[in-house]
Amino acid sequence: MKTARSRHLASGTMIGLTYLAAILATLPLLLILAHLLRKGASSLSLAFFTHMPVPVGEPGGGMANAIVGTLVLIGIASAIGLPIGIGAGLYLAEKKSTPLAYTVRFLSDVLNGLPSIVIGIFAWEFLVRPIGHFSALAGGVALGSMMIPLVTRTTEEMLLVVPTSLREAALALGYPRWRTSISVVLRTALAGIVTGALVAVARIAGETAPLLFTAFGNQFWSTSLREPIAALPLQIFTYAISPYDEWHRQAWAGALVLISIVLAISLAARLATRSRFGAPVD
Amino acid sequence: MTSLPVDWLEKDRRKLRVDASAFSDKVYEALTGACALVVPALVVAIASAIFVAAWPAFAKLGLSIITTSDWDVAGGHFGAAPALFGTLVSSAVALIIATPLAIGVAIFLSEFSPSWLRQPVGFLVDLLAAIPSVVYGLWGIFVLIPILREDVMPFLRDRLHLGATPFFSGPAYGPSMLAAGVILAIMALPYISAVSREVLMAVPRSQREAALALGATRWEMIRDAVIPYARSGIIGGIMLGLGRALGETMAVTMVIGNRPEISASLLAPGYTMASLIANEFSEATNDLHLSALMAVGTALFIITLIVNAVARWLVWSVARNRAQ
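Protein sequences appear in the order of chains A and B.
So the number in my numbering is just where the residue sits in the first sequence, counting from 1, plus 3.
So the number in my numbering is just where the residue sits in the second sequence, counting from 1, plus 9.
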């Protein structure tokens with residue numbers, strides 16, 4: 004039979020191991036951020052934001068078009084993903100137990116787990132193959148499709164937190180259902196929904212795989228949404244796997260910019276909900 | 010008598026208003042319903058897009074696409090077995106590394122963490138999920154791979170004498186199955202730990218108090234009273250992490266070496282289904298080549314679909330138990 008001492012020793016060891024796991028799990032993030040700062044900051048300059056990419060061998064150059072391209076793609080994706088996602092979230096929160104609601108809930112979760120490259124294939128099949136060339140629009144649709152299930156689920160979750168009494172009070176005052184939903188329920192849950200939207204934007208901002216054969220990348224400015232467009236993640240990928248030191252430096256700088264955008268959005272998402280929980284609910 | 014028409018008018022107006030709000034309610038319901046319908050429509054569209062595009066390859070080559078290992082575009086041979094193998098092995102390596110760590114963190118956060126540490130550590134681990142995969146790839150190429158090649162691989166092979174087993178034998182390439190596994194482990198970790206933490210926190214206090222009252226040590230409490238209660242949720246979290254690892258494209262493409270060969274050694278380069286598609290898709294030379302890539306995409310789609318469905322079902326079953 005085990006002695007009490009050995010049992011406590013085993014317990015202490017295992018608890019120590021969970022501490023170790025916590026240290027090991029936070030280490031990669033700190034390492035990655037440290038490397039990004041060290042290698043990225045030294046290559047970052049004003050020119051990086053205002054200049055175009057230059058051919059190999061020429062010094063300088065930047066990723067102005069890729070930064071703008073990423074913002075354009077985020078814009079198209081949000082224009083598609085946010086309204087549809089929020090609408091579907093409203094449906095799920097109001098018609099909780101219809102067969103459609105169960106199906107949508109389940110399929111949203113499944114879509115969330117789908118490899119992003121599969122979404123890219125889908126957008127290519129419908130928007131690139133029939134037209135015959137890559138386009139910013141196809142890239143935006145691919146990213147927007149990824150946003151829909153994310154926004155749907157977070158919107159639903161946030162709407163369910165709104166107390167039923169609020170809804171009942173609005174209905175009792177003679178508000179039609181749709182106005183109750185939009186100007187009472189949706190407004191109460193707004194901070195949470197904004198958080199969900201920001202999380203979704205942060206997630207797609209750095210996506211590369213679905214853009215490989217939709218937005219495709221562009222060394223120049225795009226003048227139309229029907230042309231291929233540059234994107235920060237694509238540019239980082241191209242530069243990282245190239246054999247040139249100068250391009251590697253640019254890739255690090257690009258990665259630093261990309262991660263700054265993503266972390267800023269994630270942080271904003273966090274702050275949006277914090278203020279919601281900070282505010283008194285009555 | 011004179012007031013009668015006014016009454017009628019008022020009545021009419023009220024009726025109109027009720028009709029209008031009933032109508033606008035209908036419009037509102039139709040609109041949100043249409044938004045909800047987009048989700049299943051999207052799933053059907055995605056599935057049909059890749060099935061249809063993959064059909065010519067399946068019709069011509071059958072299952073040889075995933076059972077043979079000769080990928081020769083010019084010769085018209087499309088055997089993606091090495092990519093299937095690489096996808097499964099790199100994900101397995103990732104889970105072997107990530108699972109104990111993720112569950113360890115989840116237990117730390119839900120049971121032992123001082124309260125001032127809980128928020129920051131949880132936030133840092135969650136942030137791992139926010140880092141774009143191309144950034145992981147960049148870090149993998151220039152930081153992780155040199156460390157693996159110079160230090161870790163020789164250490165595993167020669168110092169620990171694992172080189173005697175086929176899994177760690179042969180020359181230490183930088184880009185390798187091991188590099189892919191390590192990167193995937195870091196990427197899957199936040200998903201596994203987030204779900205595990207949530208289900209561990211949902212275990213009722215009484216469960217813990219009962220174990221402690223029976224004289225269990227704190228670890229025995231976790232092992233015998235808490236983990237069994239949360240088991241299927243934790244497995245669901247692992248499956249979610251697996252789903253991520255199987256479909257991950259960019260980071261893996263950048264560190265795995267992209268060599269379509271099956272090798273038992275983790276130190277050798279490999280290939281995955283997702284990286285095969287990423288590398289060849291925009292340069293596909295002929296229709297059969299394109300279709301074969303789509304067939305690989307179909308296989309990837311089906312595998313991740315099953316893994317995700319099982320994961321969701323497991324997590325939901327825990328949530329349902331909790332609600333009861």
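Any given hint could be a false lead.
[What the hints assert, rightly or not] Pairs of lysine to any residue, SDA-like flavour, derived with a Cα cap of 20 Å:
{"id": "1", "chain 1": "A", "residue 1": "K99", "chain 2": "B", "residue 2": "W325"}
{"id": "2", "chain 1": "A", "residue 1": "K98", "chain 2": "B", "residue 2": "V47"}
{"id": "3", "chain 1": "A", "residue 1": "K99", "chain 2": "B", "residue 2": "V36"}
{"id": "4", "chain 1": "A", "residue 1": "K99", "chain 2": "A", "residue 2": "R170"}
{"id": "5", "chain 1": "B", "residue 1": "K35", "chain 2": "A", "residue 2": "A13"}
{"id": "6", "chain 1": "A", "residue 1": "K98", "chain 2": "B", "residue 2": "A308"}
{"id": "7", "chain 1": "A", "residue 1": "K98", "chain 2": "B", "residue 2": "P49"}
{"id": "8", "chain 1": "B", "residue 1": "K69", "chain 2": "B", "residue 2": "A225"}
{"id": "9", "chain 1": "A", "residue 1": "K5", "chain 2": "B", "residue 2": "A50"}
{"id": "10", "chain 1": "A", "residue 1": "K99", "chain 2": "B", "residue 2": "R232"}
{"id": "11", "chain 1": "A", "residue 1": "K98", "chain 2": "B", "residue 2": "L40"}
{"id": "12", "chain 1": "B", "residue 1": "K35", "chain 2": "A", "residue 2": "V113"}
{"id": "13", "chain 1": "B", "residue 1": "K35", "chain 2": "A", "residue 2": "L174"}
{"id": "14", "chain 1": "A", "residue 1": "K5", "chain 2": "B", "residue 2": "T226"}
{"id": "15", "chain 1": "B", "residue 1": "K35", "chain 2": "A", "residue 2": "T101"}
{"id": "16", "chain 1": "A", "residue 1": "K5", "chain 2": "B", "residue 2": "L297"}
{"id": "17", "chain 1": "A", "residue 1": "K5", "chain 2": "A", "residue 2": "M17"}
{"id": "18", "chain 1": "A", "residue 1": "K99", "chain 2": "B", "residue 2": "N295"}
{"id": "19", "chain 1": "A", "residue 1": "K5", "chain 2": "B", "residue 2": "A220"}
{"id": "20", "chain 1": "A", "residue 1": "K99", "chain 2": "A", "residue 2": "W181"}
{"id": "21", "chain 1": "B", "residue 1": "K69", "chain 2": "B", "residue 2": "A308"}
{"id": "22", "chain 1": "B", "residue 1": "K35", "chain 2": "A", "residue 2": "M17"}
{"id": "23", "chain 1": "A", "residue 1": "K98", "chain 2": "B", "residue 2": "A225"}
{"id": "24", "chain 1": "A", "residue 1": "K98", "chain 2": "B", "residue 2": "E120"}
{"id": "25", "chain 1": "A", "residue 1": "K5", "chain 2": "B", "residue 2": "P49"}
{"id": "26", "chain 1": "A", "residue 1": "K99", "chain 2": "B", "residue 2": "A225"}
{"id": "27", "chain 1": "A", "residue 1": "K5", "chain 2": "B", "residue 2": "A308"}
{"id": "28", "chain 1": "A", "residue 1": "K99", "chain 2": "B", "residue 2": "W322"}
{"id": "29", "chain 1": "B", "residue 1": "K35", "chain 2": "A", "residue 2": "P86"}
{"id": "30", "chain 1": "A", "residue 1": "K99", "chain 2": "B", "residue 2": "K69"}
{"id": "31", "chain 1": "B", "residue 1": "K35", "chain 2": "B", "residue 2": "V47"}
{"id": "32", "chain 1": "A", "residue 1": "K99", "chain 2": "A", "residue 2": "K5"}
{"id": "33", "chain 1": "A", "residue 1": "K99", "chain 2": "B", "residue 2": "S326"}
{"id": "34", "chain 1": "B", "residue 1": "K35", "chain 2": "A", "residue 2": "K5"}
{"id": "35", "chain 1": "A", "residue 1": "K99", "chain 2": "A", "residue 2": "I83"}
{"id": "36", "chain 1": "B", "residue 1": "K69", "chain 2": "B", "residue 2": "N295"}
[As the list claims (entries may be wrong)] Listing some non-contacts, in silico: residues in chain B with all C-beta distances to chain A over 10 Å:
{"id": "37", "residue": "Y37"}
{"id": "38", "residue": "E38"}
{"id": "39", "residue": "A62"}
{"id": "40", "residue": "A68"}
Derived by calculation from the structure, the hints in this document are not laboratory data.
Glycine residues also receive a C-beta, built at the ideal position from the N, C-alpha and C atoms.
Quiz item: Hint numbers the structure violates, sorted upward?
Solution: 5, 6, 8, 9, 10, 12, 16, 18, 22, 23, 24, 25, 26, 27, 30, 32, 34, 35, 37, 38 and 39
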